[in-house]
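Those protein sequences? They're chains A and B, same order as listed.
53 is the number that this note's numbering gives to position 53 of the first sequence; each next residue is one higher, with no gaps.
98 is the number that this note's numbering gives to position 98 of the second sequence; each next residue is one higher, with no gaps.
By construction, these hints were calculated from the structure, which means they are not laboratory data.
One should not assume that every hint holds.
[As the list claims (entries may be wrong)] Taking beta-carbon pairs under 8 Å as the criterion, some of the chain B residues facing chain A (in silico): (1) Phe10; (2) Ser31; (3) His34; (4) Pro44; (5) Lys49; (6) Tyr50; (7) Ser52; (8) Val58; (9) Phe62; (10) Phe94; (11) Pro95; (12) Arg96; (13) Thr97; (14) Gln100; (15) Gly101.
Built from N, CA and C at the ideal position, the CB exists for glycine as well.
So the chains spell out like this:
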Amino acid sequence: EVQLVESGGALVLPGGSLRLSCAASGFTFSAYNFNWVRQAPGRGLEWVSYISSSGTIYYDDSVKGRFTISRDNAKNSLYLQMNSLTDEDTAVYYCARAGYGDYVDYWGQGTLVTVSS
Amino acid sequence: EIVLTQSPDFQSVTPKEKVTITCRASQSIGSSLHWYQQKPDQSPRLLIKYASQSISGVPSRFSGSGSGTDFTLTINSLEAEDAATYYCHQTSGFPRTFGQGTRLEIK
């Protein structure tokens with residue numbers, strides 16, 4: 001069974017940093033591409049970042065230069081390092097696997113990041 | 001950036017009704033359009049991939065059509081459990097984008 005379990009969400013001050021993790025199981029992690037997708041309270045889904053199995057990376061302009069996506073295939077884990085956080089980054093962050101063909105086929109349960117003073 | 005515009009934003013429907021949600025892309029994306037269902041306090045769930053391809057485990061009342069810039073999600077014979085927000089999502093290019101969502105309320 002495919003499982004994606006995010007962790008690391010917390011309350012953080014504006015300007016602060018946070019590192020999210022996503023632990024994957026039930027499939028060959030190294031063979032898949034991944035996304036981070038976020039959802040602000042009461043809002044829609046917003047794509048944040050993507051990392052391919054070979055390490056190709058993309059970011060949305062809203063996080064470029066502040067967020068860094070990475071993966072550790074030995075640990076079956078995906079990460080999102082978030083720096084210079086603002087209140088607009090407040091959201092539930094989902095780890096989302098991209099299936100063959102690159103559409104998101106599985107989502108984690110999400111981890112809440114709250115940026116507030 | 002490819003902008004996806006869904007309509008309607010909200011619809012109140014009765015059980016057994018047929019529902020159609022549309023998603024329009026700001027430029028041609030071929031068939032790289034996927035549909036998701038999100039119920040309150042849950043993660044999204046894949047309903048349809050590549051505009052019209054069905055997903056194992058998804059009820060057959062959900063179907064998709066379209067290509068290029070205009071896409072449709074159809075729910076035949078709506079059930080109470082279909083109350084949710086529905087999103088379209090494109091994987092034609094980066095940045096990836098989602099539609100703004102369509103919330104379905106069951107009367």
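Item to complete: Please flag the earlier hints that this structure goes against, numbers listed from lowest up.
Response: Hints 1, 2, 7, 8, 9 contradicted; others consistent.
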